[in-house]
Amino acid sequence: MTGLILQQAVNALTIGAIYALIALGYTMVYGVLRLINFAHGEMFMLGAYAALVIVIFAFPSGAGLFGALIIFLAAFVAVGLVGVAIERAAYKPLRKTSRLSPMLSSLGISLAIQAAVQLVAGPQPIGFASLFPVKAIEIAGANITTVQIGIIICALLLMFALNRFVASTRLGINVRAVSENMRTAQLMGIDIDRAVSLIFFIGPGLGAVAGILYASYYGVMTPSMGVIVGLKAFTAAILGGIGSIPGAMIGGFILGILEVFGTAMLPILTDGYLGTEYRDIFAFAALILVLLFKPSGLLGERISEETMVYKRDF
Amino acid sequence: MNGGTAKPVTLGTKLIGFALIVAAIVLACSVPYMPNYYVRVLDSILIYILLGLGLNIVIGYAGLLDLGFVAFYAIGAYTYALLASPQMGIHLPFLVILPIACVLGVLAGILLGIPVLRLRGDYLAIVTLGFGEIIRVLINNADALTNGPKGIAAIHRIDIFGLTISTPKDVFWLLLVTCILVAIIVWRLQNSILGKAWMAIREDQDAAKGIGINTTNAKLAAFGISAMIGSIAGVIFSAFQRFVSPESFTFQESVLIVLIIVIGGIGNILGVIAGATMLILLPELLRDYAEFRMLLLGLLMAFLIIVRPHGLVPRSFTPDRLFAWMRFR
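Keeping their order, the protein sequence lines are chains X and S.
So for the first sequence, this note's numbering puts the first residue at 1; every next one is plus one.
So for the second sequence, this note's numbering puts the first residue at 1001; every next one is plus one.
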């Protein structure tokens, strides 16, 4: 029994770490632009495909740990640049219009990216060999793979780095200032466009790494993989309090735990009537409950009308 | 659109209105001579006009962003599919199922409406999105009832007092009549006290409350009525396709309906018609470039929102203007 619980806990942490990395991108963008960036799920997907391309062309015979590091870095930068380009082309012209417009624009971009990847790589799932050495370790009756440990360590390292970055570097402080209050930050002489570009570099970059981790974990990628995972990661961001960076991290892990344990408990609780196929409902049910009872999330601040730049929804 | 914003009706507006109506009549008259493929496209456009008219009440009039509208469409479609197919062994006639589907739609709309009354903007969008997904996952997994991802087949054709609606052309006339009726009702609603209450909520909810509008009831009415129209569209869709599966009710479908409204012109019946025509016709026209279709559509969406954030049809161009040429003033 303890083995089973430990096993599920590690599974939960693994998927939670991936959700948390993606959620960071949603939360950072929302914190600054109050925009739900629907194209962010596609950044996650692009990351996986970028890794695939790099593996095919640069490391056809296995990457090794150093090669894996290069793949992560290259995918981070490449997808980060795609993110910046999308912001410039599709969101920046809409910054002064209603709040709905950039969101719908992001939906269009999301469709276009999915279609583009489908054109190049085909709609079928593509297998992906894990970038980490695969070895199963047995601890107290639980089967834990090195891939899972690698994913958790990787995600924690990135989150730690991001935390240091926003807490104590000049650029990070600029980003925080802009998300606190854009107008005041501008009056303080902060270059808003640069801060926004930076956010649209880091967010998609982290999403891309999450995509590689996800593909390493499940061993496949499809052009539509970003849709459901993206929605769930967004849920995680809301759970933790949208706009809050530590909130997104905690939210990701909580969602992972909820999903894994909830799904495991469901057949037991309902006597096998409701099976594991209801997994996706957990995320959305959690989302609805949080929004109804504590819309500001776990760590989010209540957004008052004053600090929010007043914009019409339509 | 109400008094203050009304511009004088110019000769140009009258001509455009006249031309559009003549074009619509010519198009409708030529339907009997069209190949079935074209009629199918027209049917599809009309279904989306119906859906757009429904969603427009929530988004366009009341200003509540609903991203899960497809759930009501699914409820209507599955109501018909379950009550008029061998799946459950129930074979009720269309005219009995339609009111049942309407009631179920309204109930579902209010059920969604009650918990989200306090939410606005993005949060509302996300909750409705979650609602839509939950309904889809439920349909996908409740195998005993809905036959899961395999869907329900052999759904009966519509039979109204011995008049069987079987070919795409028959469906076209049924849809056309339904669309015109719904459009008239929606247009009357827009100009009613309820419609004005919705628009007051859209412009400023607190002010609306301040002048004595019961925002709770107005919002629930918006959700209920829009869900009912969605449900009706679902019933007709189900009877027309004679097959339903969860694949028809994905999040992308909800997005498409929102885009129809936004690209056409928010809060404008004519905008919905223009948007639906464009977004359904365009992929059909691009059929030769099938592999580039979604790519182009996505890019076009983003592009249209950037260049025309308020939609193709200006808000001042209302159904009133369309018929302005009839009044010789």
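Honestly, I wouldn't trust all of these hints.
No farther apart than 20 Å at their CA atoms in a straight line, the calculated lysine to any residue pairs in the SDA-like style are these [as the list claims (entries may be wrong)]: (1) X:K294 <-> S:I1114; (2) X:K96 <-> S:V1307; (3) X:K96 <-> S:I1114.
It is worth saying that the hints were derived from the structure and are not from the lab.
If you're wondering where the values come from, they're calculated on a predicted model, not measured in any experiment.
We went through each hint and held it up to the structure:
| no. | hint | result |
| --- | --- | --- |
| 1 | X:K294 <-> S:I1114 | 16 Å, holds |
| 2 | X:K96 <-> S:V1307 | 13 Å, holds |
| 3 | X:K96 <-> S:I1114 | 32 Å, violated |
Comparing the model with each earlier hint shows a violation of hint 3 alone; every other hint is respected.
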